[in-house]
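Going down the list, the protein sequences come from chains U and E.
Everything in the first sequence is counted per numbering that gives the first Met the number 0, starting at 0 for the first residue and increasing by one.
Everything in the second sequence is counted per numbering that gives the first Met the number 0, starting at 0 for the first residue and increasing by one.
By construction, these hints were calculated from the structure, which means they are not laboratory data.
These figures come from a predicted structure and were not determined experimentally.
Note that the Cβ used here is the ideal one computed from N, Cα and C, for glycine as well.
Please note that the accuracy of each hint is not assured.
[Stated by the list, open to error] Cβ-to-Cβ under 7 Å is the rule here; a few derived chain E residues that face chain U: (1) 484; (2) 487; (3) 553; (4) 557; (5) 559; (6) 653; (7) 675.
[As the list claims (entries may be wrong)] Listed below are several chain U residues computed to face chain E (Cβ distance under 8 Å; list not exhaustive): (8) 124; (9) 126; (10) 156; (11) 184; (12) 187.
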Amino acid sequence: MSMKRSNLRDLARAVGICLTLAVVATGAEAQRGRRAAEPAEGDSRRPTVTIAELDTVTPKLESADADEVREALDLLVAMDDARVVPPIAALLRSGREDRITDRALNALKVLAAPQSIEVLTEFRNHRRPGARRRAYQALAAIDDRRVPGLLERGLRDSDRTVRGAAALALGEVGSRANLDVLFLAFERNVVEAAIAIGKVGGNDSIARYTESLGREPLGVMLSGYHEFLRRDDISKDKKTEIVERLGEVSGTMVRRFLQEYLGTFPEGRIRNQAVRELKETVEQTIRRIPAEGGGETMGGGQ
Amino acid sequence: MSRAILFSAMASLTVGCVSNVPTDAFSYQFPDNVQEDLAPIVAAQPAPAADSITNAIGEPLAVVTTHPTEATEEGPATQAELACLNLVSGEVLWRKPFEAMTRPEILGDVVVTSIRGSVVVLDLRSGDELWREELDDLAYVGASRSGNTLVWVASVGVAGGANRKGRLAAVDARSGRELWEHRIEGVLGHPQLRGGYIFVPWDRQNIAILKLQDGIEVARLRTTDDVIGWVRAEPQGVFYGYRGIYKFNERSASGTKEGSTYRLAPLAEAPREPLVQDDGYYPTPGTRSARGRIRVYYEPEPSTDTETIPVEGDRFYFVYFRYVFAFDGEENLSWARVLPRDIVRAHALTNGVLTIAEDGNARLLGHDDGKTVWEQDYDLELASAGLDVGDFSPPSNVEANPADEARTLRSSLAEIAGDPDNRLVPARAYAVELLAKMEEPEITRDLLDLYAQRSTPGALREAIGNALRVREVGTEFLVAALEQHYDYLEDTPAPPLGLIVPALLEQRVDGAVEGLVAHMMDHETPRAELATVIRGVVELGDENVVPPLTTFLTLYHADSLFQENGDALAVAAEGLFRHGGEEGREVLQALMAQPRTREPTQLAIQGLFDREQADAAAAARAEAEAAEAAAAEAARAEAAARPVKLSQAQINEVFVAHTEHLRGCIEGELERNPRLGQVRFAFIINSDGTSEEMRYAPTSDPMIECLRPVVEELRFPQFRQRRQRASFTVSLRGGGSDQAEEEVVMGPWWQRAQQRSEAAGGERHIGRPWWQIRRAQAPAGGGQGDGGQGDDGQDGQGDGGGQDGQGDGGEGGDGGFGDGQGDGGDGGGDQPWWLPSE
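Using the sequences and the hints given, assemble the complete structure.
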């Protein structure tokens, strides 16, 4: 029933590496992080741990030895079962050192279990911005209809990084219902909201977004346009409007942006007329922008 | 007066006086506060009268200096000017380019002012210069006029330094022809004329009173407990003082506040300690200057009262640049106003206060409510204004202004407090203070709003904080303010918790706990205010705050946020300790034991337990000390209550308690010696009740051996004297009348022995054994002794005649033993004396 301690430690070490990687992941990346925590197929050398070990591992969370707690957390993540959430939540609520708290929040992010929502909701109010940021990131990883509403709160946070994390998270899991608050955040200089708007906004959002062109830094605006342009559900007409509007702005940064965008089109003859026309528009716009010396004329650039 | 003449000769010799003609003034040897010197001056003063216009034109006038301006799009540059304004007609009577250094004074038909290095006199009607006088290195201070004589003073050195000079000159007002002059080594102030005398403040402590006619000093006032900063001569009388106001009269000779007709400084608590009169030693600036912009204006009421100084309209007007506060004589605020521009001069009138502002606006603010009653605009940028308006009372020339009508004292003060003019923060803070004293609850909300404004300066915030802490109404607004939380998107700041919580604590607003808990758990609560918020939770809360306190403490006890400063956690721990009961203490003990708990928090928790232990130990110590003190006090009381020494009765009582033991030994001795008449013990009792040096009679060894253990156990009552001699006698043959007779025999022992020998026929009568004749209690009326137990020889033995078991009196005059059991002779009593009484 119980696994040898050395095996557990090896496994924990392996999972720990995955968790460390997951710290920097956001949104959908979290989902990828979760998958990364799973043992690779065919890797027969990697030890496995199952939920059956829960009672063995859980007491280690109370250890005074931080390394032991970290190992236990990694093992719980490796179990990949929602039943590990309560002990992790209890660990969080018991008040631990920063690194343990952060690791536990990352663990919940990897687990992405709806059972974590309650404790993560509480941790949106933690006094340490790092903990709040991780709580929002963990929430974003959970596939639950309550999550977007919970993430909105992060846009109101006093800490810039928390607001940014919440905005990016909303870009991943949000919907049109969150657009108004994202636009408000964007107007209040939450620059990450530009990406979120670009991800969740519809065709009718582009005009509203473009109103900020000239007011917001060009680099920020381009981050939102980048998201709009790469989406298939945005009409070619709207994309053409974006390109033409950017052509009016001109400048090196726009030129480089459009060149990168041009690179996303298929090479050779494109059968789809709309796509072909869009590509031509992009090419024409690029040609109109001087190659060198033409600095940004609007928005100040970055 | 003769005294003054006498001193004229002396004065010429004084070092401090270098005057021309005459020389007899400002001597340091001149006697001051001499009643006889002052009396004729007081008598010469005209009766008090209402303020009136004194200028030659006979209209309310202002002679102003203007502020030069640079060219703008709206107009060309202007230069400094002197202008005469008719306040009734609104006319500018004349204006002349003139760079006046001092504020113009309207004196009859002339205007007196100064330029650098000279005093200049101009014609009032035309503004033409009449004459000027060089001042050398002196600064013109001020002038006064009576008839054709103009008296002016220039001085230097008021701010300190070795160069202290003053010049007082009397001249013909129109021509400048000198009548007399004094030049002294001292600082002179603005002179004032009334009743033919000149009152000149001098060296901040004196007023030299000179005759106008010849400049000879005739009296001197000197204050012994104050400073004299100015003199003011008006139709109402002569007044002087510095912060407070004195009235010149016969009481002035006292030289003290108490002895004089004196009024305490009005509005002493107002910002910058405003004076009621410009400092008479300094030139009043003719250019724009902060000096003179802060003043209390009032007008004395004509009165001959020597006890009080009544004020016209019962009003003091406090002017602080653009603000006007009107107070009554009790210093209750009546109204307040904000004017658009700084006030360069004001004048209290019966029906309000006249203000002259920098923008050339003259207005009369009504006495009762401060509304603008009359207004006149002059297109001038003013720097200073000299006024001669008497009791100006123009008809109203303004239409009712809705803003004026809607204005209340509260709104006016709120307007001042919220005025963005940061030059005037002290007065704005003063407005906050006044506002907070008002009863309307909404004022609390107004103050909170003002506090929350980002533009509110720190000093004003501090004033608001102080005001709210003492404010007892409107606390519901403090609680309501807690509902606000930080929101970045809505640009909503956290409420001013550092302001709110102390006020809630001061007022013990229990209803605020819920809101405070919410802020304790809100990460947006600023770190600097977190401990204060938790303090509020702890102080105002009860056991219901234990769960949130536990959550908070548990969540953060190991967090790096509280590594350096654990104040907030320490307060939370204190709350848990106080409200959490045993469970709370267990939580704290557990947290303290965890190695990950941050050190400051561990120490704080440990401190709580240590403090409790220390408090308990201190309480126990205090209790023990109190008990000890009480015991010591009781012992002292008991010692004090002890007799100085024991009475025979007390000694006897001790022996009686051991009767049975004694009896056995004595009976044994009787068997050995049937003729034994008595057994006697003589000994010393120590103050602690022990005995020593016991001697027995007879000295029968068997009897002594038998008695010693008993006697050594005897413990007598304690007494104050260190030791006393005592004895106890057991009479074995008591009851005979002869024995009684024996007791009364006086004289030397050989006489008594002889008598006994004679009475017994050479042999002492041996009666029955004492235990045979001793009665338990004599029958009533049967000669029962009433002496009772004696004390210090006061009480006699029972007089029934029997001496059963009596003590024979120890040393020191002990009273005899009287147990009230006289047996009335030996016939009746057959019971031994030691038997219990029935």
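Consistency of the hints with the structure:
About 9 Å separates the beta-carbon of residue 484 of chain E from the nearest beta-carbon of chain U, more than 7 Å, and the hint is not met. Taken as an interface hint, residue 487 of chain E checks out: its beta carbon lies about 5 Å from the nearest beta carbon of chain U, inside 7 Å. With 7 Å as the threshold, the beta carbon of residue 553 of chain E comes within range of chain U, its nearest partner Cβ sitting at about 5 Å, so the hint holds. Interface hint status for residue 557 of chain E: upheld, as the beta-carbon distance to the closest one in chain U is roughly 5 Å, under 7 Å.
Of the supplied interface hints, the one on residue 559 of chain E holds, with its beta-carbon coming within about 5 Å of a beta-carbon of chain U, less than 7 Å. Given the 7 Å rule on beta carbons, the hint for residue 653 of chain E is violated: about 75 Å separates it from the nearest Cβ of chain U. The beta carbon of residue 675 of chain E comes no nearer than 94 Å to any beta carbon in chain U, farther than 7 Å, and the hint placing it at the interface is violated. Given hint, residue 124 of chain U at the interface with chain E, holds; its Cβ is 5 Å from that chain's nearest Cβ, closer than 8 Å.
For residue 126 of chain U, the suggested interface contact is upheld, since its CB lies about 5 Å from the closest CB of chain E, less than 8 Å. Using the Cβ-Cβ criterion of 8 Å, the hint placing residue 156 of chain U at the interface with chain E is satisfied: the shortest such distance is roughly 6 Å. Below 8 Å, beta-carbon pairs count as interface contacts, and residue 184 of chain U has one with chain E at about 6 Å; its hint therefore holds. Nearest Cβ of chain E to the Cβ of residue 187 of chain U: about 6 Å, under the 8 Å cut. The hint holds.
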